[in-house]
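For chain A, the structure is supplied; the task is to place chain B on it using the hints.
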Amino acid sequence: MTSSRDMILAAVRANAPSPAIPMPQVPTFDRDGPSLLERFRAGFELLGGTFVDYVPGTDLTAKIGELFPQAKVICSATAEVTGNKSLQEIKLPADLDDVDVAVVRPAFAVAETGSIWLSEAELGVNALGYLAQHLVALLDPADIVANLHHAYQDPRFMTAKYAVLMTGPSATADIEGVLIRGAQGVRSLKLIPAPRVNVGKA
Amino acid sequence: MSRLDHAEAAARFIANEKHEAFHDARLWDLRKKRDREAHGIPEWEELRQLASDIKEHTLTHQADYLEEFERNAIRNGIKVHWARDAAEHNQIVYDILSAREAKTLVKSKSMLTEECDMRPFLERRGIEVIETDLGERIQQLDDEPPSHIVVPAVHKLRGDVSAVFARTLGTEPGNEDVNYLAESQRRTTRPYFLRADAGMTGANFAVAETGTFVVCTNEGNADLSASLPKLHIASIGIEKLIPKVEHLGVFIRLLSRSALGSPITQYTSHFRAPRDGAELHIVLVDHGRSERLGMQDFWYSLKCIRCGACMNTCPVYRRSGGLSYGATYSGPIGVIIDPTFDIRKYSNLPFASTLNGSCTSVCPVKINIHDQIYKWRRVIAERNQLPLMKKATMKAAGKLFGNAKLYRAAVAATETALEDLPRFAIYNWFNPWGRQREVPRPPNKTFRAWYIENRGKR
Numbered sequence: 001m002t003s004s005r006d007m008i009l010a011a012v013r014a015n016a017p018s019p020a021i022p023m024p025q026v027p028t029f030d031r032d033g034p035s036l037l038e039r040f041r042a043g044f045e046l047l048g049g050t051f052v053d054y055v056p057g058t059d060l061t062a063k064i065g066e067l068f069p070q071a072k073v074i075c076s077a078t079a080e081v082t083g084n085k086s087l088q089e090i091k092l093p094a095d096l097d098d099v100d101v102a103v104v105r106p107a108f109a110v111a112e113t114g115s116i117w118l119s120e121a122e123l124g125v126n127a128l129g130y131l132a133q134h135l136v137a138l139l140d141p142a143d144i145v146a147n148l149h150h151a152y153q154d155p156r157f158m159t160a161k162y163a164v165l166m167t168g169p170s171a172t173a174d175i176e177g178v179l180i181r182g183a184q185g186v187r188s189l190k191l192i193p194a195p196r197v198n199v200g201k202a
Numbered sequence: 001m002s003r004l005d006h007a008e009a010a011a012r013f014i015a016n017e018k019h020e021a022f023h024d025a026r027l028w029d030l031r032k033k034r035d036r037e038a039h040g041i042p043e044w045e046e047l048r049q050l051a052s053d054i055k056e057h058t059l060t061h062q063a064d065y066l067e068e069f070e071r072n073a074i075r076n077g078i079k080v081h082w083a084r085d086a087a088e089h090n091q092i093v094y095d096i097l098s099a100r101e102a103k104t105l106v107k108s109k110s111m112l113t114e115e116c117d118m119r120p121f122l123e124r125r126g127i128e129v130i131e132t133d134l135g136e137r138i139q140q141l142d143d144e145p146p147s148h149i150v151v152p153a154v155h156k157l158r159g160d161v162s163a164v165f166a167r168t169l170g171t172e173p174g175n176e177d178v179n180y181l182a183e184s185q186r187r188t189t190r191p192y193f194l195r196a197d198a199g200m201t202g203a204n205f206a207v208a209e210t211g212t213f214v215v216c217t218n219e220g221n222a223d224l225s226a227s228l229p230k231l232h233i234a235s236i237g238i239e240k241l242i243p244k245v246e247h248l249g250v251f252i253r254l255l256s257r258s259a260l261g262s263p264i265t266q267y268t269s270h271f272r273a274p275r276d277g278a279e280l281h282i283v284l285v286d287h288g289r290s291e292r293l294g295m296q297d298f299w300y301s302l303k304c305i306r307c308g309a310c311m312n313t314c315p316v317y318r319r320s321g322g323l324s325y326g327a328t329y330s331g332p333i334g335v336i337i338d339p340t341f342d343i344r345k346y347s348n349l350p351f352a353s354t355l356n357g358s359c360t361s362v363c364p365v366k367i368n369i370h371d372q373i374y375k376w377r378r379v380i381a382e383r384n385q386l387p388l389m390k391k392a393t394m395k396a397a398g399k400l401f402g403n404a405k406l407y408r409a410a411v412a413a414t415e416t417a418l419e420d421l422p423r424f425a426i427y428n429w430f431n432p433w434g435r436q437r438e439v440p441r442p443p444n445k446t447f448r449a450w451y452i453e454n455r456g457k458r
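Residue numbers (my numbering), protein chains in the order written: chain A, 1 to 202; chain B, 1 to 458.
So here's chain A without its partners, still in its complex pose:
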């Protein structure tokens, strides 16, 4: 018996339209403009993200405490911020349900859209970026690329099992178009422009 796979492929092959169309080249559409950080900030804020003032070199754990004085459970996937819930203790992703604030360091960010790039390497447990009530991202301004064309040239897209371009907190406008920040995932996304310490990019 012929498998469904083979039948579908045979039908697709038999019905292929002609002539065949060549694959186009995609340019990177580079353009001059404000600095990458300024462009990133505009895009990030447009989709509901909050930019935090930060003096480079000052204590990040204290900064998180200042931003979220009410937070009971803080879980950090970075070496720079110490939380009170360790990712190592997590047996199931659902164990992260009580996290008030999660902290991550994106591998890079995209100026055009104001997006940050996270994979399993930056999240530790993927669900951390969604189950937590609030998410804080530490971004080195040197890690920003101009637009999505540049972003998709990053080789980590070829190796990460999971990768997300995250832009602002979760949102919905499904009832009468009324915008709600904090749909199913995090209620807020804050960004601290903190250069990487101990040199080198991830």
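Treat the hints as calculated values from the structure; they're not laboratory data.
Certain hints may be false.
[Claimed, not checked] When the alpha-carbon atoms are kept at most 30 Å apart in a straight line, the in silico DSSO-like pairs for lysine-lysine are as follows: (1) B:Lys375 / B:Lys390; (2) A:Lys85 / B:Lys390; (3) A:Lys72 / A:Lys91; (4) B:Lys303 / B:Lys244; (5) B:Lys395 / B:Lys303; (6) A:Lys161 / B:Lys79; (7) B:Lys103 / B:Lys79; (8) B:Lys391 / B:Lys375; (9) A:Lys161 / B:Lys244; (10) B:Lys244 / B:Lys230; (11) A:Lys85 / A:Lys161; (12) B:Lys33 / B:Lys18; (13) B:Lys395 / B:Lys445; (14) A:Lys161 / B:Lys230; (15) B:Lys366 / B:Lys395; (16) B:Lys230 / A:Lys72; (17) B:Lys375 / B:Lys303; (18) A:Lys161 / B:Lys303; (19) A:Lys91 / B:Lys230; (20) A:Lys161 / A:Lys91; (21) A:Lys91 / B:Lys405; (22) A:Lys63 / A:Lys85; (23) B:Lys390 / B:Lys345; (24) B:Lys103 / A:Lys161; (25) B:Lys375 / B:Lys399; (26) A:Lys91 / B:Lys375; (27) B:Lys390 / B:Lys405; (28) B:Lys32 / B:Lys303; (29) B:Lys32 / B:Lys18; (30) B:Lys405 / B:Lys391.
Model, not experiment: these values are computed from the prediction.
Structure of chain B alone, referenced to chain A:
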């Protein structure tokens, strides 16, 4: 299957003036936001052309790219299944779930699973299925299909949502606060995420080069569905393929700008391999797509990236509501796709258009939608699928327009008639145009009469 009467269904929607007016305004607002974003990018038209070219390239090499995608996905540890039709798709999903004794499935929005009518199939077999997108959840709880492919409950007002939630989720009756309603859905859905046995998503794009599929969402529900349960199933139509990762740059720049007028969705999620300790399955679904690929005039509809821009701009869709199309895909894109599923049932849909071409102008992948609508009318007439009334009028009109003398006599008679006839003779059952509108006042003389008088002697 009996023929769907779009005009009759639309009339029911139009009867509720508050709903119709809001629907019209809300979708037009999305169209305006789309324009603002599109005009903000100098290379917008170039991106549309690139998107169209990439899709046409892929569709003319579809079998090779499907094989490449499958090969890479398998290498990454993904289980790949193939389904020729809706029934096979649903059975595959059920078999995966039942083999793992999965009883609860959290899923994000997928038009393909709507197309396959998967939910009732699984529910009859004892699987609890929870739609987790807010709009889709509202529709599930109200036992209605989505009325729009991007904003499924756009035809409802907050009062409707409040009533549905009070009835099904036990929210406070009469509380129509949108924040409260959205928060109620978050609060009642979260426990399902935490205990679900399996998660399901669709896909916006599938990349042959890496075996990656991409899901674009705003609420975070797709990522919760994929990152919590041990099992993730993704249903993907075979037309979602693109060759390379770099092509995503083109499509992601176009998709949300065209759909909602935002530069990008909150979450653009790329799934290349199962996460550690979890399983990832893909079901590649044909369900009429390979057949459509062979239709000379209509294969271009396979370029569609399901942004809904054509729906938001369509005057007929905005005023008739998505449910009036009686199909998973409504609006202009539905008009050209639905007849490929059932030409008799959907033979009325290609007439739900003014052929104004706005859909074609906003389509981010440059599908010639209004041309295809016109061509479907021809196909339907040729296959003798025209409704009787339309056929009789068209035949009479054809005679009239084909004969100059007859036409002129008729125009003269109509002018007198429009002025002298009592209302009931104009606004009756034989003239559907008169039902929601006034016939304009006839001009004092025809263009021909004016021309003979003013220019005819030269």
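Hints, verified against the model:
1. B:Lys375 / B:Lys390: This hinted pair holds, its Cα atoms lying about 17 Å apart.
2. A:Lys85 / B:Lys390: Violated, because 69 Å separates the two Cα atoms, which is more than 30 Å.
3. A:Lys72 / A:Lys91: holds (20 Å)
4. B:Lys303 / B:Lys244: holds (16 Å)
5. B:Lys395 / B:Lys303: Violated. B:Lys395 to B:Lys303 sits at ~35 Å, over the 30 Å cutoff.
6. A:Lys161 / B:Lys79: holds (14 Å)
7. B:Lys103 / B:Lys79: Distance ~20 Å between B:Lys103 and B:Lys79 Cα, so the pair holds.
8. B:Lys391 / B:Lys375: holds (17 Å)
9. A:Lys161 / B:Lys244: Holds, at about 16 Å.
10. B:Lys244 / B:Lys230: Status holds; Cα separation ~28 Å.
11. A:Lys85 / A:Lys161: Holds, at about 25 Å.
12. B:Lys33 / B:Lys18: Holds - the C-alpha atoms of B:Lys18 and B:Lys33 are around 23 Å apart, at most 30 Å.
13. B:Lys395 / B:Lys445: holds (27 Å)
14. A:Lys161 / B:Lys230: Given pair A:Lys161, B:Lys230 holds - Cα atoms ~15 Å apart, limit 30 Å.
15. B:Lys366 / B:Lys395: violated (34 Å)
16. B:Lys230 / A:Lys72: holds (28 Å)
17. B:Lys375 / B:Lys303: Given that 30 Å is the threshold and the Cα spacing comes to 18 Å, the pair holds.
18. A:Lys161 / B:Lys303: holds (27 Å)
19. A:Lys91 / B:Lys230: holds (12 Å)
20. A:Lys161 / A:Lys91: Distance ~20 Å between A:Lys161 and A:Lys91 Cα, so the pair holds.
21. A:Lys91 / B:Lys405: Answer violated: A:Lys91 to B:Lys405 is near 86 Å, above 30 Å.
22. A:Lys63 / A:Lys85: Within the cut-off at roughly 17 Å; holds.
23. B:Lys390 / B:Lys345: Distance ~16 Å between B:Lys390 and B:Lys345 Cα, so the pair holds.
24. B:Lys103 / A:Lys161: holds (26 Å)
25. B:Lys375 / B:Lys399: This hinted pair holds, its Cα atoms lying about 21 Å apart.
26. A:Lys91 / B:Lys375: Given pair A:Lys91, B:Lys375 is violated - Cα atoms ~58 Å apart, limit 30 Å.
27. B:Lys390 / B:Lys405: holds (24 Å)
28. B:Lys32 / B:Lys303: Since the Cα atoms of B:Lys32 and B:Lys303 sit roughly 24 Å apart, the hinted pair holds (cutoff 30 Å).
29. B:Lys32 / B:Lys18: Answer holds: B:Lys32 to B:Lys18 is near 21 Å, not above 30 Å.
30. B:Lys405 / B:Lys391: At roughly 23 Å apart (the allowed maximum being 30 Å), B:Lys391 and B:Lys405 satisfy the hint.
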